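Engineer: Note that the protein sequences, when read in sequence, are chains A and B. Sequential numbering of the first sequence, starting at 1, is according to my numbering. Sequential numbering of the second sequence, starting at 1, is according to my numbering.
Treat the hints with care, as some may be off.
[Said to hold, decoys possible] Within a straight-line C-alpha distance of at most 25 Å, the following computed DSS-like cross-link-like pairs (lysine-lysine) qualify:
hint: 1; chain 1: B; residue 1: K118; chain 2: A; residue 2: K12
hint: 2; chain 1: A; residue 1: K12; chain 2: B; residue 2: K119
hint: 3; chain 1: A; residue 1: K58; chain 2: B; residue 2: K119
hint: 4; chain 1: A; residue 1: K58; chain 2: B; residue 2: K118
If you're looking for bench data, these hints aren't it; they were derived computationally from the structure. A quick note: this is a predicted structure, and the numbers were derived from the prediction, not measured.
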Amino acid sequence: MRVRVLFFGRVKEIVGKAEETADVEDGADLGSLFHSYARRFPQLAAMERSTVLARNQKLAGRSEFLTDGDEVAFLPPVSGGMNRC
Amino acid sequence: MPPETVEIVRAPIDVAGLAAGLRRGEDGAVVVFEGIVRSHSGGRPTLYLEYEAYEAMALEQMRAIAREARALWPIDQIAIVHRLGRLEIGETSIAIVVTAAHRAPAFDACRHAIDRVKKGVAIWKREYFADGAVWVEGEILER
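Could you build all of it, start to finish, from the sequences and the hints given here?
Structural biologist: Encoded structure:
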């Protein structure tokens, strides 16, 4: 299966790109997709607990299964709005 | 304007125009919030900021926040506008305008909206200092 993976913020900096297409096995879930990147990028592995995943623009758990054509996003902790006071 | 307006823009936000466009005869109060880029962060002078977003998600999250504000308080209209790209010190990164018949719900709804945006919208800020840049990591998104 092919899925589109989007990276943002610090995750984008670690992986070195904003998006790419990934080939995944049938039956793969979000967790295994994340781990395949975490193995390649130790700094991403270090962010595992704070990186939230989205599938087709909805926040999703690690055990959610992927389907062909999905759009997945790796989302680090957000910092929209204004500066911290 | 529609009762809930959310936008992501890449140019300076016309806050006065936004507020002027929202106010109607039945409003007794207009509350305007602007989040602006501060000159210092963590004791270091900031050169400038950059914001990026997962736009489709961010817009949907902002829409949900606007809907929630109108559901929780007796307000008239609400607009939430976030700017992306490079922002200089003093520029406005986010504007929230709330109109209502009375001031208390307008203040409350506006405060709630900015608190929710900070915690729950797919937008990220990068701060540029003289000796480097850092992605600011704030709140972990929750389902």
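Engineer: Each of the hints needs a verdict: does it hold here or not?
Structural biologist: Verification of the hints:
{"no.": "1", "hint": "K118/B <-> K12/A", "result": "holds (20 Å)"}
{"no.": "2", "hint": "K12/A <-> K119/B", "result": "holds (20 Å)"}
{"no.": "3", "hint": "K58/A <-> K119/B", "result": "holds (16 Å)"}
{"no.": "4", "hint": "K58/A <-> K118/B", "result": "holds (18 Å)"}
Comparing the model with each numbered hint stated earlier shows that all of them hold.
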